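**Student:** Protein chains in written order, with my numbering: chain A, 1 to 297; chain B, 1 to 362; chain C, 1 to 294.
Don't take each hint at face value.
To be verified - So, partial list: chain A residues that the calculated Cβ filter (under 7 Å) puts toward chain C: (1) Ala20; (2) Ile111; (3) Phe112; (4) Ser119; (5) Ile121; (6) Pro133; (7) Thr134; (8) Gly136; (9) Leu165; (10) Ile169; (11) Lys204; (12) Val255; (13) Val274; (14) Met275.
What the hints assert, rightly or not - Straight-line alpha carbon distances no greater than 20 Å define the calculated SDA-like cross-link-like pairs of lysine to any residue that follow: (15) Lys256(C) with Ala226(A); (16) Lys17(A) with Lys211(B); (17) Lys70(B) with Leu28(A); (18) Lys70(B) with Arg12(A); (19) Lys73(B) with Leu144(A); (20) Lys237(C) with Leu78(C); (21) Lys101(A) with Gly193(C); (22) Lys73(B) with Leu14(A); (23) Lys69(C) with Lys256(C); (24) Lys73(B) with Pro7(A); (25) Lys281(C) with Lys17(A); (26) Lys71(A) with Thr277(A); (27) Lys202(C) with Ser91(B); (28) Lys202(C) with Ala132(B); (29) Lys211(B) with Ala322(B); (30) Lys70(B) with Gly195(C); (31) Lys107(B) with Trp115(C); (32) Lys69(C) with Glu81(C); (33) Lys70(B) with Trp115(C); (34) Lys101(A) with Ala68(C); (35) Lys84(C) with Lys202(C); (36) Lys139(A) with Leu52(C); (37) Lys101(A) with Lys281(C); (38) Lys177(B) with Leu198(B); (39) Lys251(B) with Phe268(B); (40) Lys71(A) with Ala226(A).
Hints listed in this document are in silico derivations from the structure and should not be mistaken for laboratory results.
A quick note: this is a predicted structure, and the numbers were derived from the prediction, not measured.
Each residue gets a CB set at the ideal place from its N, CA and C atoms; glycine is no exception.
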Amino acid sequence: MAHQARPNPYFRNLNAKVAATPMILTTLIVFVGCSVWTVLYSFSASRALPVNEFVGFAQYDRLFNTSRWTKSVGNIAVYGIFSLVFSLVVGFILAAFMDQKIRFENTFRTIFLYPFALSFIVTGLVWQWILNPTLGLQKAVRDLGWESFTFDLIAHRDTVIYALLIAGIWQGTGFVMALMLAGLRGVDEDIWKASRIDGIPKWKTYIFVVIPMMRGVFVTTLVIIASGIVRLYDLVVAMTSGGPGIASEVPAKYVYDFMFARGNVGQALAASTVMLTTVLIILIPWIYLEYGSKKPK
Amino acid sequence: MKSIEIKDLSLSFGDFKVLEKLNLDIYDGEFLVLLGASGCGKSTLLNCVAGLLDISDGQIFIKGKNVTWKEPKDRDIGMVFQSYALYPQMSVRGNLSFGLKNARIPKPEIEKRVARAAEILQIESLLHRKPAELSGGQRQRVAIGRALVREVDVFLFDEPLSNLDAKLRAELRVEIKRLHQKLNNTMIYVTHDQIEALTLADRIAIMRGGKVQQLDTPQVIYNHPVNKYVAAFIGSPGMNFLTGRLVAGEKPGFNFNGLDVDLSRYAFNDTTPSGESEAWLGIRPEHIHVGPEAVKKAFSHTVEVEVVEPMGSDTLVWSKLADQEFRFRMDGQLSVKVGEELMIGFDPVSASLFDSKTEIRL
Amino acid sequence: MSIEPIGTRPRRTFDPTRMMIYLVLAVAAIYYLLPLYVMIVTSLKGMPEVRLGNIFSPPVEITFEPWAKAWDTACTGLYCEGLKVGFWNSMQILIPSVVISIAIASVNGYALSFWRFRGAEVFFTILIFGSFIPYQVMLYPLVIITRELGIFGSLTGVIFIHTIFGMPILTLLFRNYFASLPQELFKAARVDGAGFWGIFFKIMVPMSPPIFVVAIILQVTGIWNDFLFGVIFAGTKNFPMTVQLNNIVNSSQGVKEYNVNMAATILTGAVPLAIYFLSGKYFVRGIAAGAVKG
């Protein structure tokens, strides 16, 4: 009865390792490798092509002294805060209403969610048309006799970002509602029975019992919307092209324009590194919350 | 002859040792039950034997062949799972023949074996059905059939009856016993249910924390548990444990709360303790006598009835014996009332003594 | 004990709370439906009617001219071949991307759920968190990589990119689905002598049509709606429909033909919308999949 030594562990589960190769390569080369490359070359003097001449924070200096960039950052902050608050609040309220055993639930859900199936390009173009002051909603209301009615957010520098917001919320709130509804459906039925027996009003149960129970759903939704906001690009391209002037520029567009249209790779890389940092600031507390407290077994 | 031999088997996940230096020999045709609470490593051990888990250290032999690093299919084993694990998209026939097809066994042979297994398990009429169309009991028969068609000498059962209701469980239990008597092959059976263990096993291995606590026949384990854990685990309702002092010497005795149990007839393990020490006296509720008979026993005393649980054939009575929790079994036909005083007694021969620190049998 | 009189169940004829709920939902529904309505009515009007009339008024004279023009002859700035070019480009991008990304991710998810090996979870975790990194961060190096591979500005290039960026969510989707299948089924199949591929094709895939449907929906809508990767990696002659649509609508020359633009917009949205309306609950499952914890 011979003793058998442990076979080489590298060859055990070989098929599984082969099958996982695309994932491993993608992780290492794209998600880790490319990100590191970008961060590294954001410290270089690259212009039309990346060069190995490193200049410290010079690109960042320039970046934050460029009015187009600071405007982009301000825009995304305004857009981000409003769209987060609005889509979470409205999404939750719609979901709570949908959860009242209402009739036509499926119809309502289909209506609220269909914009999410559309491209940002499609969304942007439709709203560009509706918000167009000379032909769209404003004209329609004026035609009805209300001559002084103004609804020209899209045409003014200081309001154009709200025009983007209207379109963005139109597309995204249904998604938040769907997630919230799934979360609400996951709440134990007995909670509702208990609160009815205790005589607690429904709205109070929502605020003090159900929402705290749905913490996980809220946090996850928040992270998903937030990381989507940072990427905001297509909608702006389709709806305003960053205009009027630079009034609706956003960081992702800054990166694209400097990378491909203006041939200033160094600026683009610095800008994308700032985007990366922002996402990490959102992500790290989340990772910590979700996975940090759980000790490996 | 040894059918399965497990030598110094260890398994750890990171720093956590699931199994530690475990040795176990299982003989040809033996029905061995691995019994323990969840997390004791019994299923893990079975999975190691099956080759479904890579072990950290040690060797496993089946039929004299070293199979430590062999694939499950090359170990000549059949396995039955708790959730039945039937392939949902295949018919019963497909389920039974899947393994044989993978082993490239010729078609007529497959058909012969499937027919034979179906006959033994009385599932001939179900062969064309899908698992979803079967009842729990039928599903588990098919799962057993899947092991049967492999015509192997070793069957591994991983809590096969735990998903069934009590009545079906009892039925299939007998059937598994019958099957074992008929096939006379080696079976390793994992369960947390002591009734299954006691009724089925030739030998039981009680596991805790990745180690075998006691490996012996059901009778020995029931009557002579090696430690307090085993004593508490086996038997339902559980053993009474009285805490007190063991006075060793010429006339050994057990003192608790002013009462004294004469232990002169108690069979101490080879080392008879000397002097005085803290100990547990364990006595099973079914070994306690009530009424006139109690007085004849080496120890007797009166207790007051606190709670009565009639269970049909028996009645379980909860009381206090010198302020310590004390349960005993009475004939179900006798009536007892709460508050009633009863005379109880037992023979120390049927009791077990455990050291209070090591919890090992004395 | 007194006997209470037997009362009839109170009939709720008018419940103000519920009326309020329906009212709110109805108003929200109008907000959501309005753009779709505007798109459709505008696309069915002639240009004079668009210029003079109201965007909400239904067409006086229904014409399909704008649709035909959008599909066949609308100008993108350089060419006047309509959206059909983009449609076929999108199809050529879509089909291989969906097939390849799902094939890779399903095997991957299966390997992660059942054939765990050391380090696999680490890569997977990085992959999932990597999916939150803005694409912009990885764009330039990917341009270099695809250029080195000789696939920049080609269909292969954009398919490659879609496969990469589809991987995190799809792998998560499949891993979670396979992890929800009983482990014992996998063990039984191993005892029955099935290997890595045997278990995948004979046991797991036949059990998984719903998750494949979810994955297909997710990928079809995601890839069809993509703009950024198409405009960068596909090359001018392979621009997908979204890029062409934007070029048609936002091309500065000539008179803006809003009716044609709206027809083009509907045409571009038609594929994901059709998928959405046909798939119903699967779509919800697909988008919720991203929110499911791993």
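**Student:** Hints first: check each against the structure and report whether it holds.
**Tutor:** Hint check results:
no., hint, verdict
1, Ala20, "holds, 5 Å"
2, Ile111, "holds, 5 Å"
3, Phe112, "holds, 6 Å"
4, Ser119, "holds, 4 Å"
5, Ile121, "holds, 5 Å"
6, Pro133, "violated, 12 Å"
7, Thr134, "violated, 10 Å"
8, Gly136, "holds, 5 Å"
9, Leu165, "violated, 13 Å"
10, Ile169, "violated, 9 Å"
11, Lys204, "violated, 14 Å"
12, Val255, "holds, 4 Å"
13, Val274, "violated, 10 Å"
14, Met275, "holds, 5 Å"
15, Lys256(C) with Ala226(A), "violated, 35 Å"
16, Lys17(A) with Lys211(B), "violated, 33 Å"
17, Lys70(B) with Leu28(A), "violated, 33 Å"
18, Lys70(B) with Arg12(A), "holds, 11 Å"
19, Lys73(B) with Leu144(A), "violated, 80 Å"
20, Lys237(C) with Leu78(C), "holds, 11 Å"
21, Lys101(A) with Gly193(C), "violated, 50 Å"
22, Lys73(B) with Leu14(A), "holds, 17 Å"
23, Lys69(C) with Lys256(C), "holds, 13 Å"
24, Lys73(B) with Pro7(A), "holds, 18 Å"
25, Lys281(C) with Lys17(A), "violated, 34 Å"
26, Lys71(A) with Thr277(A), "holds, 18 Å"
27, Lys202(C) with Ser91(B), "holds, 13 Å"
28, Lys202(C) with Ala132(B), "holds, 18 Å"
29, Lys211(B) with Ala322(B), "violated, 36 Å"
30, Lys70(B) with Gly195(C), "holds, 13 Å"
31, Lys107(B) with Trp115(C), "violated, 31 Å"
32, Lys69(C) with Glu81(C), "holds, 9 Å"
33, Lys70(B) with Trp115(C), "holds, 16 Å"
34, Lys101(A) with Ala68(C), "violated, 44 Å"
35, Lys84(C) with Lys202(C), "violated, 40 Å"
36, Lys139(A) with Leu52(C), "holds, 10 Å"
37, Lys101(A) with Lys281(C), "holds, 17 Å"
38, Lys177(B) with Leu198(B), "holds, 12 Å"
39, Lys251(B) with Phe268(B), "holds, 13 Å"
40, Lys71(A) with Ala226(A), "holds, 19 Å"
Hint compliance for this structure: hints 6, 7, 9, 10, 11, 13, 15, 16, 17, 19, 21, 25, 29, 31, 34, 35 are not met, and every other hint is.
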